[in-house]
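Residue numbers (the numbering used here), protein chains in the order written: chain A, 1 to 150; chain B, 1 to 150.
The hints are simulated quantities; they were obtained by calculation from the structure and are not laboratory data.
Check each hint, because a few of them may be wrong.
Pairs count within a copy or across copies, as identical chains cannot be separated in the list.
[Unchecked claim] Below, in silico cross-link-like pairs of lysine to any residue (SDA-like), each with a Cα-Cα straight-line distance of 20 Å or less:
no., residue 1, residue 2
1, K90, P41
2, K81, G51
3, K90, L7
4, K81, T124
5, K81, E129
6, K81, F49
7, K81, T135
8, K90, I78
9, K81, W32
Please read these numbers as outputs of a predicted model, since none were measured by experiment.
Spelled out from the first residue to the last, the chains are:
Protein chains: 2
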Amino acid sequence: MLYAEDLHPGLRFPYAEFHLSEQDIIEFARTWDPLPSHVDPEAARQGEFGGIIASASHTFAVCVRLTSDAMMAQVAVIAGKGIDGVRLHKPVRPGDTLSGHAEIVERRPRSQGRAEVTFTCSMTDQSQEPVLTMTGTILVRGCQASASGP
Amino acid sequence: MLYAEDLHPGLRFPYAEFHLSEQDIIEFARTWDPLPSHVDPEAARQGEFGGIIASASHTFAVCVRLTSDAMMAQVAVIAGKGIDGVRLHKPVRPGDTLSGHAEIVERRPRSQGRAEVTFTCSMTDQSQEPVLTMTGTILVRGCQASASGP
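Using the sequences and the accompanying hints, generate a full structural model.
If you want it as structure tokens, here you go:
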């Protein structure tokens, strides 16, 4: 487990790979963002992008999942505080494979040994082109506080 | 359909209601953010919040879905550009019912009659307390461009 003391700026967490099929994109969007450009292949073909693209919410969820596995699962997170500067650099299309990394950029000490930790998420596609970037802030437990209770 | 010309600052889109059960929270998190605080009721009971809380990604997805239905479904959106200032004001718990509104805050004209439109999303719980706020930016088609093709 990584505590506040361990999260030095520059520490990097490489993502696994996440593949998205057309069916994945349509199924997610039917529940979470049922617009024609995400759920209707024929309408999408005649639209701005010439085919189905993933909902921004889906692209975001993939980035959070990759970050959850690569970083959060081994960090003593108390809570997420916020997310800034979510930028959708290019649309995600069926067949894309997403990867990238998270990186610690700042650590601000708080009471009880805790720290507020800011990190960037950089998600790329199979051409190594940026797809989504964002900055997250979490509250993290210190190693001492953890030993003595929640 | 609402085009760039129609999206005046101050225009408000009230959300429907969205209810979340413990099962909903666990199922979403199993796929998208499988941390103990979201998927393991026993571990969560002993954690910071005394029980399961929704993944930030789930809370975000609900806000996008409410915005999609209330606003995006009737706006001539070309693409999402980005999201800023996502703030998680309080954790979402099983049994919460989320609602709120989106509101246009700025419209910046672009070429071909298009506009970049910035809007805020304000999601509250059943106590009318803020749960998530954020600001989105979309590129929207003008009504003339729309009449003459994609």
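Do the hints match the structure? See the list:
1. In this assembly of identical chains, K90 and P41 lie within 20 Å of each other by CA distance solely inside one copy; the values are 19 Å within and 38 Å between copies.
2. In this assembly of identical chains, the alpha carbons of K81 and G51 lie at most 20 Å apart only when taken from different copies (18 Å versus 35 Å within one copy).
3. When the C-alpha separation of K90 and L7 is checked against a cutoff of 20 Å, the pair qualifies neither within a copy, at 30 Å, nor between copies, at 25 Å.
4. When the C-alpha separation of K81 and T124 is checked against a cutoff of 20 Å, the pair qualifies only between copies, where the shortest distance is 16 Å, while the shortest distance within a copy is 24 Å.
5. For the homomeric pair K81 and E129, the shortest alpha-carbon distance between copies (16 Å) is at most 20 Å, but the shortest distance inside one copy (28 Å) is not.
6. Taking CA atoms no more than 20 Å apart as the test, K81 paired with F49 passes between copies only; the shortest distance there is 14 Å, against 34 Å inside one copy.
7. Both within a single protomer and between protomers do K81 and T135 lie at most 20 Å apart by alpha-carbon distance, with minima of 11 Å and 16 Å respectively.
8. Taking CA atoms no more than 20 Å apart as the test, K90 paired with I78 passes between copies only; the shortest distance there is 13 Å, against 32 Å inside one copy.
9. For the homomeric pair K81 and W32, the shortest alpha-carbon distance between copies (18 Å) is at most 20 Å, but the shortest distance inside one copy (23 Å) is not.
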